[in-house]
Amino acid sequence: MSLLVLKNIKKSFFLKNSVFEKRRSIEAVKDISLTLEQGVCLGIVGESGSGKSTLGKIILGLEKPDQGEVCFLGKNLHNLNSKELKELRQNLQVVFQDCYSAVNPRLTIGESIAEPLRNYKRLSSAEEEKQVLELLKKVGLRREDIHKYPSQFSGGQLQRINIARAIALKPKLIILDEAVSALDALVQIQILNLLAQLKEEFQLSYLFISHDLQAVNYIADCLVVMHQGEIVERLDDMEQLEQLANPVSKKLLSSVLPPFPGYMKCEEI
Amino acid sequence: MKLNIKMQRTLLNHKLMIISSIIILGMIGVALFASFLAPNDPNLVDIAQKLHGPSSQFPLGTDHLGRCILSRLIFGTQTSLGTAILVMGFMMIISVPLGIIAGFIGGKVDYLFMRICDILMAFPSFLLSLALVGILGPGLFNLILAMVLVQWVFYARVIRGMVLSVREQNYIVAAKICGTPKFVIIMKHILPAIISQVVVLVFMDIGGVILAISSLSFLGLGIQPPEAEWGMMINDSKSFFRNYPSLMLYPGIMIFIVVIAFNLFGEALKDALDMKRAGGGVE
Chain A
1 MSLLVLKNIK KSFFLKNSVF EKRRSIEAVK DISLTLEQGV CLGIVGESGS
51 GKSTLGKIIL GLEKPDQGEV CFLGKNLHNL NSKELKELRQ NLQVVFQDCY
101 SAVNPRLTIG ESIAEPLRNY KRLSSAEEEK QVLELLKKVG LRREDIHKYP
151 SQFSGGQLQR INIARAIALK PKLIILDEAV SALDALVQIQ ILNLLAQLKE
201 EFQLSYLFIS HDLQAVNYIA DCLVVMHQGE IVERLDDMEQ LEQLANPVSK
251 KLLSSVLPPF PGYMKCEEI
Chain B
1 MKLNIKMQRT LLNHKLMIIS SIIILGMIGV ALFASFLAPN DPNLVDIAQK
51 LHGPSSQFPL GTDHLGRCIL SRLIFGTQTS LGTAILVMGF MMIISVPLGI
101 IAGFIGGKVD YLFMRICDIL MAFPSFLLSL ALVGILGPGL FNLILAMVLV
151 QWVFYARVIR GMVLSVREQN YIVAAKICGT PKFVIIMKHI LPAIISQVVV
201 LVFMDIGGVI LAISSLSFLG LGIQPPEAEW GMMINDSKSF FRNYPSLMLY
251 PGIMIFIVVI AFNLFGEALK DALDMKRAGG GVE
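Taken in sequence, the protein lines are chains A and B.
So that you can map any letter, position 83 of the first sequence is 83 in UniProt numbering, and since no number is skipped, the others follow by simple counting.
So that you can map any letter, position 181 of the second sequence is 181 in UniProt numbering, and since no number is skipped, the others follow by simple counting.
These are calculated hints, taken from the structure and not from any lab test.
These numbers come from a predicted model, not from an experiment.
All C-beta atoms in this analysis are idealised placements derived from N, C-alpha and C, irrespective of residue type, glycine included.
Some clues are possibly wrong.
[What the hints assert, rightly or not] Using 35 Å as the maximum straight-line C-alpha spacing, the simulated DSBU-like pairs for lysine-lysine come out as follows:
| no. | chain 1 | residue 1 | chain 2 | residue 2 |
| --- | --- | --- | --- | --- |
| 1 | A | Lys148 | B | Lys238 |
| 2 | A | Lys138 | B | Lys182 |
| 3 | A | Lys57 | B | Lys188 |
| 4 | A | Lys7 | A | Lys148 |
| 5 | A | Lys86 | A | Lys130 |
[Claimed, not checked] Quick list of simulated restraints, FRET-style, between CB atoms:
| no. | chain 1 | residue 1 | chain 2 | residue 2 | range |
| --- | --- | --- | --- | --- | --- |
| 6 | A | Gly140 | B | Pro192 | 26 to 32 Å |
| 7 | B | Gly107 | A | Asn79 | 16 to 22 Å |
| 8 | B | Leu127 | A | Lys121 | 17 to 23 Å |
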């Protein structure tokens with residue numbers, strides 16, 4: 001059984017909600033079908049506005065699709081009562097792009113990381129602290145950090161905190177919505193390495209949403225390219241990245257900066 | 001240079017905050033210990049002593065019924081402040097939960113809430129309070145009821161707006177996704193995020209509430225005689241204004257000082273919180 005199956009997902013948004021004007025709508029996601037297996041990282045790339053984040057929201061159950069169904073662990077996500085949904089949500093977590101607004105500035109990071117644990121497990125406070133410390137260690141933060149506030153951390157550290165919160169319940173799937181896009185190149189690599197390591201350790205699946213083909217190439221096992229709400233190309237083997245044929249994919253490929261620009265120039269000459 | 005101005009502003013703010021909070025605390029103290037501080041019984045009528053000037057027995061003189069003005073001013077603090085705090089308290093009890101519910105749940109609940117607001121806000125609020133007291137009949141309870149029923153919408157709407165801006169933060173979405181129940185999200189994430197702004201709102205507006213209560217009492221629709229209240233004292237003294245202007249002056253000054261103190265305190269509080277936010281420092 002596949003972990004996640006999307007069948008013919010469609011979603012439009014209404015632009016104007018006026019009495020006098022005819023409702024206009026844009027189709028953010030048009031007829032998307034996808035399958036994701038356990039332990040696989042699927043990259044979704046596309047320009048901004050290609051509907052990839054909307055797709056992420058639909059999978060998270062934050063938006064309801066107009067048509068089609070999202071089957072997660074064999075259950076239709078948008079057809080559950082709130083208790084079943086809560087049960088299923090344990091296995092479905094998210095890391096956002098904007099790491100600064102993803103943690104409550106008024107809570108210590110210990111409290112932020114403990115939030116999912118409190119919702120699903122009845123732990124004593126000593127047990128809870130033990131688990132939070134363990135999570136901090138897993139994402140490479142220090143023990144003392146547990147009592148600090150988000151304003152005392154850098155972006156990369158905050159993203160580690162968000163990852164710690166996402167893996168707290170040992171989920172099966174984590175949606176990484178541009179999770180490394182706001183970080184600088186060096187920190188990006190560190191976070192990607194951390195993600196890859198956690199994936200091995202917990203048998204996680206990732207849905208890696210990004211516009212950055214280089215980052216996707218670093219971590220993903222397979223890839224889909226989205227353009228204006230549609231999947232224009234699929235790639236099952238990342239080795240064949242250079243063989244992407246669709247014009248949109250080619251554009252994304254050519255937008256990847258060469259690691260040594262000067263060197264490239266010499267070679268071209 | 002810019003920093004200098006900012007520092008000056010901070011200091012000025014500091015001073016304003018200290019002065020206004022001293023006045024407010026003083027007024028609250030006077031209200032609490034009115035029966036100890038007042039030299040005479042504020043409601044004791046003695047026609048033989050009417051319209052006297054200041055003396056050792058009546059430090060600010062007596063009014064047209066021979067009642068001690070200072071004692072009435074002191075007891076008036078109790079009624080004016082107490083009523084204003086009650087009105088503000090009831091308004092917050094109604095508008096904070098409703099504003100949060102409308103803002104957080106959104107959709108049809110929010111739509112319905114906004115339409116109710118539109119209807120209530122289409123009328124001038126003071127006039128509506130006036131009409132309501134007129135219908136219900138004058139009296140302290142009806143005054144509070146009328147003011148709360150009319151004005152809660154303004155606060156509920158502002159609070160709804162605050163909630164809307166917080167609701168879109170990622171940490172709320174993340175809390176939803178990691179299974180936090182709605183009630184816990186409201187209590188743990190939303191309420192702490194807006195509470196400081198709500199406090200500022202309360203302090204900025206309580207002066208207005210005191211003014212409105214005094215105005216309604218002046219019109220004879222609020223607190224009823226013989227209870228002492230500043231607005232009513234002004235009303236009582238209006239026939240003697242030409243010969244004894246001080247009768248009207250004292251309660252007027254009291255209203256002025258209290259309203260100004262609350263406004264300045266609210267303003268300073270707002271600046272202080274803004275500064276904190278702009279600094280982005282450690283909380």
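Verification of the hints:
At roughly 62 Å between alpha-carbon atoms, Lys148 of chain A and Lys238 of chain B are farther apart than 35 Å, so this suggested pair is violated. For the suggested pair Lys138 of chain A and Lys182 of chain B, the alpha carbons sit about 30 Å apart, so the restraint of at most 35 Å is met. With a C-alpha separation of about 24 Å, the suggested pair Lys57 of chain A and Lys188 of chain B falls inside the 35 Å cut-off, and the hint holds. Under the criterion of a C-alpha separation no larger than 35 Å, the hint pairing Lys7 of chain A with Lys148 of chain A is inconsistent with the structure, at around 44 Å.
About 24 Å separates the Cα atoms of Lys86 of chain A and Lys130 of chain A, which keeps this hinted pair within 35 Å; it holds. Range check, Gly140 of chain A to Pro192 of chain B: Cβ separation about 29 Å, and the 26 to 32 Å hint holds. Checking the proposed 16 to 22 Å range against Gly107 of chain B and Asn79 of chain A shows it holds: the Cβ atoms sit about 20 Å from each other. Checking the proposed 17 to 23 Å range against Leu127 of chain B and Lys121 of chain A shows it is violated: the Cβ atoms sit about 57 Å from each other.
Checked against the numbered hints given earlier, this structure breaks hints 1, 4 and 8; the rest are met.
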